[in-house]
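This is what each chain is made of:
2 protein chains.
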Amino acid sequence: MKKVITYGTFDLFHYGHMKLLERAKNLGDYLIVGLSTDEFNLQKQKKSHHSYEHRKFILETIDLVNEVIPEKNWEQKISDIQKHDIDTFVIGDDWKGKFDFLKEYCEVIYLPRTDGISTTQIKKDMASL
Amino acid sequence: MKKVITYGTFDLFHYGHMKLLERAKNLGDYLIVGLSTDEFNLQKQKKSHHSYEHRKFILETIDLVNEVIPEKNWEQKISDIQKHDIDTFVIGDDWKGKFDFLKEYCEVIYLPRTDGISTTQIKKDMASL
Numbered sequence: 001m002k003k004v005i006t007y008g009t010f011d012l013f014h015y016g017h018m019k020l021l022e023r024a025k026n027l028g029d030y031l032i033v034g035l036s037t038d039e040f041n042l043q044k045q046k047k048s049h050h051s052y053e054h055r056k057f058i059l060e061t062i063d064l065v066n067e068v069i070p071e072k073n074w075e076q077k078i079s080d081i082q083k084h085d086i087d088t089f090v091i092g093d094d095w096k097g098k099f100d101f102l103k104e105y106c107e108v109i110y111l112p113r114t115d116g117i118s119t120t121q122i123k124k125d126m127a128s129l
Numbered sequence: 001m002k003k004v005i006t007y008g009t010f011d012l013f014h015y016g017h018m019k020l021l022e023r024a025k026n027l028g029d030y031l032i033v034g035l036s037t038d039e040f041n042l043q044k045q046k047k048s049h050h051s052y053e054h055r056k057f058i059l060e061t062i063d064l065v066n067e068v069i070p071e072k073n074w075e076q077k078i079s080d081i082q083k084h085d086i087d088t089f090v091i092g093d094d095w096k097g098k099f100d101f102l103k104e105y106c107e108v109i110y111l112p113r114t115d116g117i118s119t120t121q122i123k124k125d126m127a128s129l
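In the order they appear, the protein sequences are chains B and S. For the first sequence, the UniProt record's numbering puts the final residue at 129, and the numbers step up evenly by one. For the second sequence, the UniProt record's numbering puts the final residue at 129, and the numbers step up evenly by one.
Next up, chain B with everything else stripped away, as it sits in the complex (with noise of 0.2 Å):
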């Protein structure tokens, strides 16, 4: 069974989210997602307008996705994907770059986002109402 990781915050649902998803399970058997707590986000100045736990349930809701755990801090993938014998590390290309240093324990993928829809666009279009 190929074990496939992904990370994010998943906040205002769209499209693009699911198109990613998709696309990363479709690189093996099982997907689990990294969900960024809210704690995390706040670390990163980021504030989700929706809770960790309805964004979980929406996410776990979702045949596509089989596990989904928090992601609580930047340091925590390195043991996450030898806890979960990952294969593949998959995230949206624009990271490229900064988790080539996972090469080491999987295959590391960067995949081309949606283009045209992202939370930060449908936010900026919410707020210019």
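In case anyone wonders, no lab produced these hints; they're calculated from the structure. These numbers were taken from a predicted model, which means no experiment stands behind them. Where is the CB? At the ideal position from N, CA and C, for every residue including glycine.
Only pairs whose alpha carbons sit at most 25 Å apart, straight line, appear in this in silico DMTMM-like list of lysine to aspartate or glutamate: (1) B:K124 <-> S:D38; (2) B:K123 <-> S:E53; (3) B:K124 <-> S:D125; (4) B:K3 <-> S:D63; (5) S:K56 <-> B:E60; (6) S:K56 <-> B:D125; (7) S:K56 <-> B:D63; (8) B:K56 <-> S:E67; (9) B:K56 <-> S:E22; (10) B:K2 <-> S:D63; (11) S:K56 <-> B:D115; (12) B:K3 <-> S:E60; (13) B:K56 <-> S:E53; (14) B:K83 <-> B:E104.
Now the in silico label distances, taken between C-beta atoms and shown as ranges: (15) B:Q82 <-> S:E107: 47 to 57 Å; (16) B:L42 <-> S:Q121: 14 to 24 Å; (17) B:A127 <-> S:D94: 23 to 33 Å; (18) S:K103 <-> B:Q82: 52 to 62 Å; (19) B:A127 <-> S:K46: 11 to 21 Å; (20) B:D94 <-> S:P70: 31 to 41 Å; (21) S:P112 <-> B:E22: 25 to 35 Å.
Following the hints, put chain S in place on chain B, whose structure we already have.
Okay, now just chain S, sitting in the frame of chain B:
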């Protein structure tokens, strides 16, 4: 096979949408969602942030939902119920009483909305950022 139908816009997909879909699915075996088209939304003086195609893609990727059909006008519900052999019509209880006329054709259930969350509220929150 007990067939259930619900209708909505499902814009800025959130926890409350997923809860509604979960409860609707629990009322039967097969869940159809009548999804407001962008044109129908304009008729209702509503403008969804996400396009019909994007909203449809999210619903179709959720395991709970078996089928998505376009909702193009107010009048199509009776023919939808007949055409798809629907046993139960479900909608949020903010519509209480409005669809009692459908009781002649199938069971009608008004589900309580999940407190504290709605697309309208999300838009207000975002606009006040």
